[in-house]
Every structure is written in structure tokens, then in C-alpha cells.
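> Given next are the chains, with one letter for each unit.
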Amino acid sequence: MEIMSVELDVFVGNTTIMDEEVYQFWLDGYTVSDAVKVRMEGGVLEECEASAEVLQSDTMDQYRTFQMCERLLHTPAKLANQLLFQIPPHRQAMLIERYYAFDSAFVREVLGKKLSKGTKKDLDDVSLKTGITLKSCRRQFDNFKRVFKVVEELKGPLVENIQTHFLLSDKLARDYAAIVFFANNRFETGKRKLQYLSFQDFAFCAGQLISNWTVGAVDNMVEDMDVDLDKEFLQDLKDLKILITDKDLLDQHKSLVCTALRGKTKVYSEMEANFKNLSRGLINIAAKLTNTKDVRDLFIDLVEKFIEPCRSDRWTAADMKLFLIHYTNSAHILDTFKHQVTWDRYMGVIKSCILKMYHD
Amino acid sequence: MPGKLKAKILAGRHLPVMDRASDLTDAFVEVKFGNTTFKTDVFPKSLNPQWNSEWFKFEVDDEDLQDEPLQITVLDHDTYSANDAIGKVYIDIDPLLSTEAATVISGWFPIYDTIHGIRGEISVLVKVELFSDSNRFRQSSCGVKFFSVFCNTRDALHLSCPAPSIPRCYRLAAVHGFVEELVVNEDPEHQWIDRIRTPRASNEARQRLISLMSGELQRKIGLKVLEMGGNAVVGYLQCFDLEGESGLVVRAIGTACTLEKPGSLPPSAPSASPSMETKECVSRPSYPVTVPSPGPSAPLKYQPFSSSSPKSCRHQSSCSDTDLSFVPKIGTSSLICNLTKLMKGEFPFFTFTRFPPGFLLHVGGVVSARSVKLLDRIYNPDEPETRDAWWEEIRQEIKSHAKALGCHAVVGYSESTSICDEVCILSAAGTAAVLDPTLMQEGCLDDGGEHRLDEHSFLSCVFCHVPYDDFNSPFPAHLAQCCTCGRHKVPDVLFTTIELPREAKVSGKGCLIQARLCRLKKKAQGEASATAVSNLLPFMEYELHTQLMNKLKLRAMNALFGLRVQISLGENMVVGLASATGVYLNALPSPGGVQIAGKTPGDTAQEQHISNMQRKINDTIAGNKELYEINPLEVAEDVSGSPIPEPQRRPRLFRSVSESSTEVPELDLAYGRKDAFVLEIDDTDALEDMHSLLTDAPAPSGFYSCNTEVMPGIYSWTSAVQMFTSVRMFRLGNANLTNQGVNKAFNDLCEDLLKSLYFKVRSMVPCCLCHLNFSVAVPEEELVQVHLQRSITPFPSPTDTFSILFIAGLHSIGRKSGGGGGENDEQLQFALELSTEPASPPTFSSRKGTRATSDIQRFSSLETGSPLLRDRSRSVRSTHSYSSNAVTVVKMTPLSFIPNTRIIKYLGIINMFFIRETSSLREEGGVSGFLHGFITEVFAMVRAHVAALGGNAVLSYQMKECVFMENPNKNQAQCLINVSGDAVILVRHTEPDP
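Each protein sequence line maps, in turn, to chains A and B. For the first sequence, the residue numbers in this note's numbering are 144 to 503. For the second sequence, the residue numbers in this note's numbering are 141 to 1134.
What the hints contain is simulated information worked out from the structure, not anything from laboratory work. Every residue, glycine too, gets a C-beta built ideally from N, C-alpha and C. Fair warning: there could be bad hints in the mix.
[Said to hold, decoys possible] Derived lysine to aspartate or glutamate pairs resembling DMTMM-like cross-links, with alpha carbons at most 20 Å apart:
hint: 1; chain 1: A; residue 1: Lys278; chain 2: B; residue 2: Glu1063
hint: 2; chain 1: A; residue 1: Lys221; chain 2: B; residue 2: Asp163
hint: 3; chain 1: B; residue 1: Lys172; chain 2: B; residue 2: Glu203
hint: 4; chain 1: B; residue 1: Lys884; chain 2: A; residue 2: Glu196
hint: 5; chain 1: A; residue 1: Lys292; chain 2: B; residue 2: Asp163
hint: 6; chain 1: B; residue 1: Lys1110; chain 2: A; residue 2: Glu196
hint: 7; chain 1: B; residue 1: Lys884; chain 2: A; residue 2: Glu150
hint: 8; chain 1: B; residue 1: Lys360; chain 2: B; residue 2: Asp163
hint: 9; chain 1: B; residue 1: Lys267; chain 2: B; residue 2: Glu203
hint: 10; chain 1: A; residue 1: Lys221; chain 2: B; residue 2: Glu1063
hint: 11; chain 1: B; residue 1: Lys172; chain 2: B; residue 2: Glu269
[Stated by the list, open to error] Which bits of chain A does chain B cover? Going by a derived footprint, with three or more residues having C-beta under 8 Å, they are:
hint: 12; stretch: 151 to 158
hint: 13; stretch: 213 to 225
hint: 14; stretch: 239 to 252
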């Protein structure tokens, strides 16, 4: 017969006590009892001759600590100079890094969506679909939104801004830059045809776009420099149309590419037959980018207009690489083509994006 | 007008949003000292205001400087309505009043509100200019230093280095004696005005009053010290008694001393000069006023002590009974004289627990006294005569107990109270001892230490020798020949409240031994309740003692150190908890086994059962011997002396309980008279008890625990320390409560707490939990109702709750492998992170083959205290915009030292009192969430104050009070916490002084 019940149970250390394993359970949105269950299965009990109550009390203590820390984690820079918790710097870094880490399954669901209340309402669907707890989904979503809000209005390079304000590692800061960039430009990533692409594929593309196509790529002291695409450049892209509208240029371009590729690829004939279509596809994408709507469809267009035709012709990744190199370089030899700078700025990004996206 | 206090308000940060419309705050600051208030300008619309105020100057008496705290209030300016308070900071000016302590207080302080907790931080600069004051009728005692250390701590790790000092980095020049004082006042919480003011105002009035009272108390004690000719109080112990309606008592005890900075050798210090020598000889004969005449063989054993003077002064002392007329030579303010005065003084009590080797000549045993009193309103706070008289009575009792044991002094002395309604138990306990003043004086000499140390090791048994002899002993005692020297009598077991003396030789390791007891008592009022309690107490003492004894025997040990018996009074139960560290002293005889005997011979079933039990007991003892590595060397000339007449198991534990002034007759605690320890089992109760003895789980492998500062038998420590506070409160169900039931529940509670602790620190294994300090309270409903008197709802369930406050210093143990690499790591590292930082430097297998983490536990956090390192950490993180003002790491420990470090400066005593209240208990995560947050905040505030003084550690840290009250129906809770400790600057041993 239990004649006693615990009313109050607190354990506090001068140096804040944290268990990384329990922290992860907390981040993953486990309830205390679920976390206790998992820990018990993990065999931590046998290791130290403890009872289930001990585990329960320990887990509760830690959860409380994390809850108290959470407010500080929202502004990680505060964690370093707050007085409430004594946490050694490398532990602080761990706390922050883990708090801002996200599940790739989750981020794929919200990438390119507006970080609004509406999206947040749909998170229960996301939770159901991905199997990630709603609590964890909310934390990840709020993190995206928080980072977005802070860096949106800042001058200077996006990745650096994220690092300064959120003290994240380089890798994580880059991922957040991608998320912010996608959210700002609302790139479509959810279509069925894009499902095969991972977050890392998109993050890579975002990196390319940020460092080549944004305002910041040319002038690094303007507002929104890394979040918005360079309008002037998008305007200039219209000039590239000459490559498909001028019949001579188109033929010249094709013959140059064909000469270069003859004998070097197994899909030569398919390439030769399809050249004009492919070239039209790429250049039409460029010419339309002044429209916000078409910017959003950049990735779906790349897949539909270029990647899918090549895939149905069974191009290998090597074929693709070879083609894109020569396709880009041959344009330089065309005497009447005057827009070399714009061409390179455009094709450089398109080439690396397509290469990244060209997989099963 | 002897002092000018100057304060400057620099900036604030992380302030809360006070204006919902703009999400900002228009903050300004009021700086108040005494009756003078200054204000800064309003810094509009910012959560990080930069006030950069002028210097606010207060011209005040130093008496006020000692009593009053500097009060800083941060407010939000409001044009149309009253300004809203954001929170307050109280700064104790005392550390600035001593020339050797801190010179400036400068740093970020958490802004604290009793309702909302910490709300942002404020950067403050405080200085004091003192004018010298030669008025001999002065009321202040500026400059008297206070230390909460209980002992002189020589570095426990470097046993080879001589010269102990009290406290470290000071040298003890003289001990003047016991000082005590108490001040009383009405509790603001119980004043009529409390019915109309807000909870915040009430809490703040209380915080301020207690701060004032403890300032006043320190000043008064300081005055006494100055009168006695001292300059410091060591072992300063301050307590609050919240007596409810009858008032608020703040009392303190300590030991007045004269401390000197080493290097400045004062003329009074004993030196090798011949002239001094003579003086000492003159004064010597008069010292041992209360030393009873030792037996005929006694002078012999003193021989080795007289190393510095060829002539054995002890011969004189042995006949000193007749030499009382000798008058000490006053003027040679040498220790001897002081000690003589001290012994003659009213109470020859010492509040510290560790002493220079040889200082303790003999240890008689524990002396304790308790008295049950009925509280009444204190009508005249300026003359708290009754409270004074109560304590006086108890101290007299202690003194007479010590005398009865043939001792002239009491060491490791402490006092405590437990209050429930109008009934109050006053307790005092200490260890009766005979001190050697000459040795103490030698201990101060820095040279020739090696030589003496050798002799001390030879004398490792002396302190165990009984100060009385067989025939004159005050009670039937069981004495044996000393197992080390074979020449003198020693008791069979020794109980003490002090730390294990450094010269003591032990076998194996020590361990925590606890006796736990819970007794129901009828609910009653006033007299009736007091009578019930005083009737209960002797039985509780007896039972606790029996438990301790049994557990000690089961562990095959023969001595207890650091014994602390706590009796807590509740509405309908009394809880007793005795904790001590058991060891095997080589000098004492090996404990016989434990034998159990049935009451009814012939009952075969029972005999069978008993023999099973006996086997189990024998196995346990054997197992414990192995576990604690107890294998004492057999003494060659084994007790060859004559058999001791009338051997009796009678511990050196004196007790007495008195109600008002009526003495309860002494209990005869004598057990059987056979050689082995016999337990009689006559009913199921006893069987149950036996079971609980045997099921007392030992610590998991790799863990050691003790309640003393240093674990006996372990000598290699790393400097990784961690301090924990744990509070648990249990509610007893409404079920029919029996003594046995609650007893078992309480026992399980303590065991669970320990288990929980082991689990928490599992990553630090091998480690030692030192200074485990349990304190039990039985909060009563009445109190809760009184507190929440604004509400009419009575407290719901008529049950009692336990709450256990529990503080432990955690020490990791490790063995240093020479040059094991990585010692020069500058990174901030804490022990508890080891789980995540698998051994980067080579690991080293400790003796027992347990996971060794010693080498990777480096201690460098302290170094942030040095400017050089702070700069480095700044530059490392300079990529981040906010990191320019990194927070100083402040270590906290209940120990009086941190292994492998050196104290280079004592900055002053930290004594803080906080109240936190909430009326949104559920929203704050229930009672646990509320208290968790509050304790975290208290830690933060202590650290901030220490850092502002320039310190990097708090030693002898204690949470002396943690009173928790709740009313879940009203969603309310309130908690009071009192903490204390010594703020210090530490450096690693390897570093030079700055």
C-alpha cells in the first residue's frame, strides 16, 4: 500500500544539469512518460541500479530545465550573457544547435511555403504525414519563422547574419539561409514531380541562387540583398532570347555543341534531335523570370522542360554534364551574341542546379 | 560621520516589456540607502537602457553601513499612472568595509521581483570611502571579517604540506572564544498592516527586515569580537527562527579569532627566539583549568608533543589542579593566554570542525542537549531575554556534559531549532574534547613542519584515548587498550560531530551512515503538545542511537564523524534523522559481530529463522568489510593488558531532554554485557527493523558518499566539483498511519533520494558525494493557513507532508597519472559534461577498475577569474555580437575548499534571504516548477553577487532555510530561502598568485 505520494521533487545543480539524450526526447516532442518508456528500453536502468521512479523524476527535472531554457533559446545570443543558468559555452552551443536542427522530412513539407499562421494551422496534417510529433513540428516551424523575421530586414550576407544572431554552425546557418530564401521567394517545391528532390538538393540550389542571382551577389551592402533576386539581372535575361529567336544563332549554337560532343556520348543522336527543344526550354525559363509567378515555378519548369526530356532519353549524369558544359561554352564563340556576362551568370547557376537535380 | 557610500548605475539589459503598446520599457532606477533616495533619468523606449548615471553619494555612519543594504529599484516610468516596479536588487555593503576584502562591487545583478522572479539585469558600481574612527564607544564593528567555514582547511590533498591555517590564506594567531548573539523583531507577515498591503509589499518588507536584522546581528557580534581583541569570526553560523505570531529571531554563533596574513609575522606570534620561549613557559602552567587530573600513566603519553621545548610542559599541566592560582601573563597576547582565557570563559565552545594536527588532545564524544519550549510573543524586541536565557541554559548543559566526560572544551559545536505552532525544540550538539594550546601555537609556525609531522603520524591514536579513566568515568564505559600504541585506554566506539582529524589512521574507506525515524504524535495545543513532544524525544534519541550503532556494526566500523542529529517537529509527527560518516579507526578495537537472540528459546521455527538471519548478518558484515576495504593490521601485542572491569556497551553519547526547565532523567542506554553485540528479537517489529537494516542498499560501485568534507580513505581528487540542491516533499495518504508505516515510508524516501542522486551523477563515476547534508521539515497546515490569511479557504487534506532539503557537494575522484597530458587545456569544462566528451586525453584505470574519468576532468573554469583568460574567451567568441561580456563562472560548493586550488583572497561572507511568491502556481509548472525556478534564480543571484565582488567561487555554501508553503486551491505558493557562504578568489595550485 502506497501511503505516500510525491508532491514536489526538484533537483538543481549550480552548473545546469542536462542529459543530451533527454534533450533530444524533449525536442522530438515526447511526453515525459514516453521518454521514460524509451529510456527504460534503452537499458539505462540496469546500468545504474535505478528504479522507474528515479527515471521519471530525472526526466521531469530535465524537462523543466529545458522549458525554462527555451525562452533563452529563442534569442541564442542571450544565452551567453544571461545569469540564470550557468552553462559552459560548448554546452550552450550544443543546446542551440540541437534546438535549431530540423527534420528533413518536415522541412520538405514547408519549404517554399509562406511562413504564416495559415501554414502553422496545417501542421497537424504535416505531423500525421511525416510521423513527427506536432510539438516538434511547431518548434521547427517557429524556428523557421523566427529566423526569417530577424534576418529579413538586415543588411549584409544572409548566412553571416543568421550565424551572428542565432550562433549556428556554418552548415546549419546555410540550411536556414536556404529556408529563408525559399520562403521569401515562395519557390514551388511541393508538386508531385518535385517530390523526388531532397531538402539538400534544394538547399544547394538556394546557395547557388543566393550567391549568383541576388542583389548581394553584386553589391553587398543593401537591404534584403540576399533574400531577393537581382531585378536588373532578371530583366537582362530577356536579352538571351536571341539565342532561340535568331535562327542563324540557334543553328550555329547547335552545330558547335554537336561538333564538340560527337563520339563522346552514347545519347548523341537523341541530343542532336532534341537540341532545339532543350535550348528553347532553358532560354524561355530565363526570359520569363521577370514574372514573380514564373520565379516560383523555376524548379518545376526546370524539371518539366529539361530534366524530364533528358531522363526519357536515358541521359546519364555524365552526358548531362558534358552537354551543359559545351552548351554554355559554345555560346561564347557565337560572334553576334553580345550578352556573354548575363549568359554566364545565368548558365552557371542553371548548370549546377540541373546537375544537382538530375538523379532518380 | 565616518563613511561615504558611492553608487553608480550603468546600464540594464534583457528588461521585461512593460508597455504593451510599444513592446518596450521606459526604465529608470531608484537608489536608496537608509532614508536617502536618488533617481536616474528615464531611459525611454528600450529594453537595454544605458543610464550611465552620476555617482550617487550617501554620507552615513558606519553603523548603518553594516546594518543596511543598498537598495536598487528598477521602475517603468508612466506619465499618467503610478510607476510600475520592475524589480529590486539588494546589495550587502559589508564586504567593502574590510580593508582586505573586496574594494569595489561592480557587475551585472539580476533584477529580482518577489512575484515575477528575475526580470532582466542591471549593471552597478559601488564603492565605500571609510574615515578612520578612533571612538572607543563606537557601535560599529567595521573590518571584522566573517567566515562561514567550519574548519581550518589545509588542502586535503596535499597531506605532506604542513602549516594549517584558518581559513586558508590567513594564519590563526589567536582564538578568543565563543561568540553568540540574537536579535528579534516582529514578523512583517504577521503584522496587522499585512492585511491591507499587497503580497509584494509584504514580501519586500520581510526581505528588507531580515537583511537589516542580519546586518545588525553581524555588527553586534563584530563588536563582541573587537572587545575580545579579535579581528575575525570563524565558523559563523546564522539562523532564522520564524516563530510566526510570536516573532522573528535571527541568531548567530561563531568563534572569535585573530587572523593574520602570512608573511607579516606579528610580535605576539610564537617564534624561535629564546625570550619568547621563556614567556611561554611562564604562562603555560596556568592553562589547563578544567583538565581533570589524568591517571598516573598520563604524563607519559604527552611526551612526544614537547618537541619544540625540551622541557615537557605537560608535567606541569598534570598537576595543574592545584595551580589554579597562577595568573596568565596578559600582555603577551600569545595564543596560550587567549586559550587560557577561553577555557575560563563562559563557554569554551568552538564552532569549527577541523583543527591543526595534534590540537585535539582527546576526544570525549558527542554531547548534546535539547529543550522543548512554548513560544510566547516577544514583547520587548530590544531585550530578548527569554530567548537568550533559553540558549544560555542549553549551553550550560552542554558544558556540564563535557565536563562530565573530563573535557574542558566543546568542538564542532552547533545549534538548531525546530518550530511547530507554539512549540519549539532547541537543540545544541558538539564534541567534548581536550585541546592542546601549545600545539596549536606550534601549528602556526611555518618552519620545521616536516619534523613535527612525523611525530604526529606516530601520534595518530592520541585523540582517541579517553580523557577520563575507568574508575572516574561518568558512566559505565567499555574501554579497551589502544590498538595502536597499546598503552592507553580507548572506547570501543567513538561518536563525534567533527571532521576526521588529519592525523587519524583509518582502515579502508568511510561511508555515509544514516538513522531515520518517524514517530506519530497526537495533535495537541500548547502545553499538551509540548509535553507530548518532550515525552517522545528520549525514545527517539534512543532509537536513532540504536540504529546508528547497528548500522555501524554491520559495516564493521567503529567510529562516526560529522554526526548531525536533526529532530523536526510537525503537527502530528516528529521526524528524526541522524547522518554521520562511519570509519574504521585503527586505534579503536575491532567491532565484534552482531549476534541476534530470540526471546523465546525452544521455538524451533523461530530459531531456524534466527539462524538464517544471523547468517545473513554475518554475510553482510563480511561483504561490507570487503566493500569498504577494511582490513586493519593485527596489533602484535593484542590487548595484553588486564581485562577491563565491567565492560559495557555504552557509547559516548550524552543526551538530555528538558521541558521548560524540568530535566528528564538520563536514560540508561546500556545494552547487553557480552562481547559480541547482541540484538534481541522479541516481536515482529524487531524483525522488521532488522530487515530494514539489512536492506539498506550500499552505493552503486564507483560512488562513495559521506557527510563530512573529505571522504576518509580517498586521497586523490580532481578539482571537478558540482553542487546540487534537491528538495522533495511527500504527502502522506489518509490511510491509517502507524508508526511503522510512516517509518518505512520515511526510510524509503531517504533511500530513493540517494538512489536518484547516484543516477543523476552517473556520468561522473568514480565520484564521491561529500558533505551530503539532509534536512527534514514537516511543514504543517497551520502555517499555510496563516500565510494565506487573506483567503478564507482552509487547507484541504488533513495530512502531513515531509520535505527534504538536501544539498550535496559532488566530488569526482581520480588518480592523477603523472603528466597525463591535456592538463593545459584552457577550455571551460565542467565535470558533468563528461558524458558527452569521451576521453580525449588518455584515460587512466583507477585502482578498482571502475570507469576512470579522472584525467579528463580538468579544472579551468576558475580561470575566467583572471583577466587574461577572460580576454581570451572574449576573443574566441568575438565573431558573435553579444559575447563581449561573458559571464564569469562561479563555482559553488558546501566544502571549504576545492581540491587542487588555492584561495588567494576571501572577499566576504554571502548571506542572502529571498522570498518568492506566486498566484499562478499551475502556470509556473506546479509546485515543482515553481521551486525549481526559484532555486535556479537564487543560485544565479548568489553567483552574480560573488562575481561582482571579483570572486569566482563560493565555499562553505549552505542553504540554511527553505520554507515552502502552498495553497493549491488558490493556485498560490510561497517560498523562503536563506543561503550563505564565503565568496573567494581561487586559482589552481599550479598558478602563481596574481
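> Evaluate each hint against the coordinates.
Verification of the hints:
Taking the CA atoms of Lys278(A) and Glu1063(B), the gap is near 18 Å; set against the 20 Å cutoff, the hint holds. Distance hint between Lys221(A) and Asp163(B) is fulfilled; the C-alpha atoms sit about 18 Å from each other, no more than 20 Å. For the hint pairing Lys172(B) with Glu203(B), the CA-to-CA distance comes to about 16 Å; that is within 20 Å, so the pair holds. At roughly 17 Å between alpha-carbon atoms, Lys884(B) and Glu196(A) fall within 20 Å of each other, so this suggested pair holds.
Restraint check: the Cα-Cα separation between Lys292(A) and Asp163(B) comes to about 16 Å, which is no more than 20 Å; the hinted pair holds. Restraint check for Lys1110(B) and Glu196(A): the C-alpha separation of about 29 Å exceeds 20 Å, so the hint is violated. For the hint pairing Lys884(B) with Glu150(A), the CA-to-CA distance comes to about 18 Å; that is within 20 Å, so the pair holds. Between Lys360(B) and Asp163(B), the direct Cα distance comes to roughly 48 Å. Violation of the 20 Å bound is thereby established for this hinted pair.
For a cut-off of 20 Å, the pair hint linking Lys267(B) to Glu203(B) stands: about 16 Å separates their Cα positions. Between Lys221(A) and Glu1063(B) the CA atoms are separated by roughly 24 Å; this puts the pair beyond 20 Å, and the hint is violated. Of the supplied pair hints, the one linking Lys172(B) and Glu269(B) holds, its CA atoms being roughly 17 Å apart against a limit of 20 Å. Only when three residues or more bring their CB closer than 8 Å to a CB of chain B does the claim for the stretch 151 to 158 of chain A stand; here the count is 8, and the claim holds.
Evaluation of the coverage hint for the stretch 213 to 225 of chain A: fulfilled, as 5 residues show C-beta separations to chain B shorter than 8 Å, against a requirement of three. For the stretch 239 to 252 of chain A, the stated coverage by chain B is not satisfied: 0 residues place a CB nearer than 8 Å to a CB of that chain, which falls below the threshold of 3.
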